[in-house]
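Q: Read off the chains here:
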Amino acid sequence: MKFDVIVVGGGHAGCEACLACARKNKKTLLITSNKENIADMPCNPSIGGPAKGIVVREISALGGEMANNIDKSFLQMKMLNTKKGPAVRALRAQADKISYKQEMIKTLESTPNLTIMEGMVEDLIIENNTIKGIVLEDNSKIFSNCVILTTGTYLKGVILYGSTKIESGPHEERPSKFLSDNLKKLGFKIKRLKTGTPPRIEKSSIDFSKAVLQPGDCEKHYFSFFNNQDYNVDDQLPCYLIYTTPLTHQIIKENLSKSSMYGGYVEGIGPRYCPSIEDKIVRFADKERHQLFLEPESIYYDDIYIQGFSTSMPHDVQERMVHSLPGLENAIINKYAYAIEYDAIDSTQLKPTLETKLIKNLYTAGQINGTSGYEEAACQGLMAAINVCLKLDNKEPLILKRNEAYIGVLIDDLITKGVIDPYRLLTSRAEYRLLLRHDNADLRLMDYGYQVGLISEEDYRLFCEKRDSINKLLQNLKNYLLNPTIENNKFLTSIGTQEIVTTTSLYDLLKRPEIEINQFKDLIDLNYTNEVLEQVTINVKYEGYIKKANKEALKMLEYENIKIPEGIDYNLVHNIAKEAKQKLSEIRPTSIGQAMRISGVNPADITMLMVYLKRNKVNEER
Amino acid sequence: MNDTIAAISTALGVGAISIVRLSGKDAISITNSIFKGKDLNNVNSHTINYGHIVDNDKVIDEVLVSIMRSPKTYTCEDIVEINCHGGIATTNKILELVLLNGARLAEPGEFTKRAFLNGRIDLIEAESVMDLIDAKTEEARKLSINQLEGKVSTIIRNFRQKLLELLASIEVNIDYPEYEDIEVITNENIRKEISNIKEELNKIIMESENGKIIKKGIKVAIVGRPNVGKSSILNRLLNEEKAIVTDIEGTTRDIVEGEVSISGILFRFVDTAGIREAKDLAEKIGIERSKNEIFNSDLVLMVLNNNENIKEEDKNLINKLPKNSLIVINKNDLCSNIDTEFLKDRDVIYIDTVNIDGIEPLKNKLIEMFNLEKINNSDYTYMSNARQISLAKEAYNIINDVELGLKNEVPTDLIEIDIKRIWEKLGEILGESYSEELIDQLFTQFCLGK
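Protein sequences appear in the order of chains W and E.
Here the first sequence is numbered in our numbering, starting from 1 and rising by one per residue.
Here the second sequence is numbered in our numbering, starting from 1001 and rising by one per residue.
Only chain W is shown next, with the shape it has when bound in the complex (with noise of 0.2 angstroms):
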């Protein structure tokens, strides 16, 4: 049996991976160790916030599945960062675990050209170091063209809390032992890495009198840009604010050496942005609380999850300092707290399009890349697929630059920088964020879901017709231009801004901070949607700085495109430090300007790589 593709897990890299390679026409398997886990959350029960929101829309307009899927299973929708500007504005969905999964399921059941098994994959079939199958824990075989490794916490996975370590992936399924062992022995750089999550509680043990209700917004709102599905905003369920306490505090001080951490049981690296409530306490010591939320999981089953409380005490402390929180003071743990740590490769070891440097048509994505966070992953897995797709069709690689998507940015980084703590999302991490909003995710990265085949024609025609309403009316408001007559002035008094003194177009006065675009429903036609209004007024009104991230990303493209041949030999490079010849020989950048961003390599020796590559093209041309 033979496929195009196999997909290694079924988590939310996985998921993306075989439903875009299927939805391309290729023969896709995705095997898993267990089909009920499926696009599991094994632990925040969200999707979204700050970037990852952003990334979700952008899986959207890639033609990924991740949006449309939250959109079918949130409990509550929150627009986040709504104060501050639209560069920053960031969905946030809390997920119903339960309908999340099966809503993912029946999609992947639905699709053609997709098959699901079960099975522990060990080893990889390799000939000429281009990858030809996988070997199944019973050493059957199966073969491809290509796979695609999204393997998340299950590679050598050990749970821990207190002293206790278990070798096991979440929900005590079965990890893979000697896939990391046979990756290493292909070259591979294997790393330990840990995360954690925290306890859950049975709902109805909670007094949550004592906590602050966190209801979802009035407002609807969605991931997806297609086919929205009415709600009610009243269906939400809320969540809940709560602080520690300064018992709380003492009983972690006091037992900090059962923690598995500070006992010196974990060997992995643990995310220095989410840390357990021990470090929260430890390094932040002289601070007198921390907050947590309490947040429901699913309407089938009753588990509320305490963001910001994961450890990794043993079980008996971690009762104590459970019954210190407000509310929970009789409360009852479902399932204890665990940190886990799992293998991960070195992601400096792929190149940009996801595949591995070592191994032609192996692509991996996901935690397996040291990444944290379910749309970090599922935006993996979808570019690992749409590249595994143009290549078997021999079409050139889709690679996002950074100026484009929140996507380009994080496998930038992780092919660039490569990861020491499991690496997630940030807005900070993006140079151009005032390009890589919520609201143009399409706009930025449609026309490549639509080139790749993931959007169909009519979505993209109704794409098409936005694109077109926003241009239409920009030119509008330009075209339209006021007099400072008194009846103008008059006007624009009564919409409360300040009169004019010479003749000024409706789009310079839209950039008054005072003026919204529908008090100028009286003198043009505003019969467009709201996305088409808002999409138009933050052009409008942010215009100058968006001209500078424009500028600023132009400079940066300069250099993105200046090319490095793939086989250059470092070694004849003339005058650049060891370190950068070490650095720039190992991660092969592709460009002067992925070049620039690894770290250890200085602008010396970027210029003498520049002086190196020019004499050689004139040489060529000789």
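Among the hints, a few may not be true.
Stated by the list, open to error - Straight-line distance between alpha carbons at most 16 angstroms, and here's what the computed EDC-like set of lysine to aspartate or glutamate pairs gives:
no.: 1; chain 1: W; residue 1: K551; chain 2: E; residue 2: E1424
no.: 2; chain 1: W; residue 1: K253; chain 2: W; residue 2: E288
no.: 3; chain 1: W; residue 1: K548; chain 2: E; residue 2: E1394
By construction, these hints were calculated from the structure, which means they are not laboratory data.
Since the structure of chain W is provided, determine the placement of chain E on it from the hints.
A: Okay, now just chain E, sitting in the frame of chain W:
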């Protein structure tokens, strides 16, 4: 950087010894091929070797050749310095021979560029070396040395740290909006922080302008009608007979420059042709130049004769004087015929050039005007380099953008984008941000040789 570069690294034409310097992997073998004496390929590093430079057996000069092998050299490459016997012809001939034997003429600043590219020195150090070479007075030398030690770097680095902290506080609010116990940075917070930074940066720029004064000196144009004693004033200041002084009107036809250190600061005096109706072409050109000098100088000294009344053409000129000017009334040993009423709103001093001490009031006035005491006593830790100052000014302008944004109630996260640019600009001063134009421009500014 594979080739070997060469240049004359001492000022041409002056001094008893000139040095032709080579840097690169063939520096030693090239020199050896025109050298008669020991085999330079086999001498120890950091040795001085006596011998002759020859052109086909014809001896050009008796020389001392310093051999310095990579990597412990200024450029980290092999360096050879040929110490020859001054004189333009000989030095040029040796350079020519070196070039004929495989070296390439160094571009301006290329030795220092190589030192920088080979990781020998950082950007500010590289620029400081150039300043050191240019340093004309003791004060300027002090300034350059302070920069070499990295004092400027430290100040700018502290500055960036402050901005970085502000940036981080803003970004944490963006990435973790739900954490209400993190202090939310509002536009009001930014306004406060940024105005502090603005003030400090402004101070640095202002003092850097002083730094420029220290390094480049102050250019002073002396103007006035013919034969009021401009050349005499210059000579008194310079303490030497550099300008030709005669009693015949219109003697000074060209601009004569002289440099003098007053209170440690370099003053570059420019004597100009007397301004009047020119009688011949040469004089006419001289007069045109005088007029230009007025506008290109840091200070204009308008010289009047004490025992003559102010003439109509004087009045015209006085009315056209730029702000930075001083009226100098000369020859106060003679009786006063001057109409002081016309000058009552002007800065006026009296001197006489007959007595040696008569020039002192002018010197004191200059010290006072340029606040030289203060410049002199300050700790020279400021940017003395045009590139650095211009980047600092760019950063300052972006601060104005930030303030405009704050005034227009632009959201914090957009304002933060500008704050990041300030941070990057300051990074460029340190050579920490990458920019290709930076490197090119930087090194073309450098003078030839070290």
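Q: A separate judgement is required for each hint: does it hold in the structure or not?
A: These are the hints, each one checked on the structure:
1. K551/W x E1424/E: Status holds; Cα separation ~15 angstroms.
2. K253/W x E288/W: Holds. K253/W to E288/W sits at ~13 angstroms (cutoff 16 angstroms).
3. K548/W x E1394/E: 15 angstroms, holds
Comparing the model with each numbered hint stated earlier shows that all of them hold.
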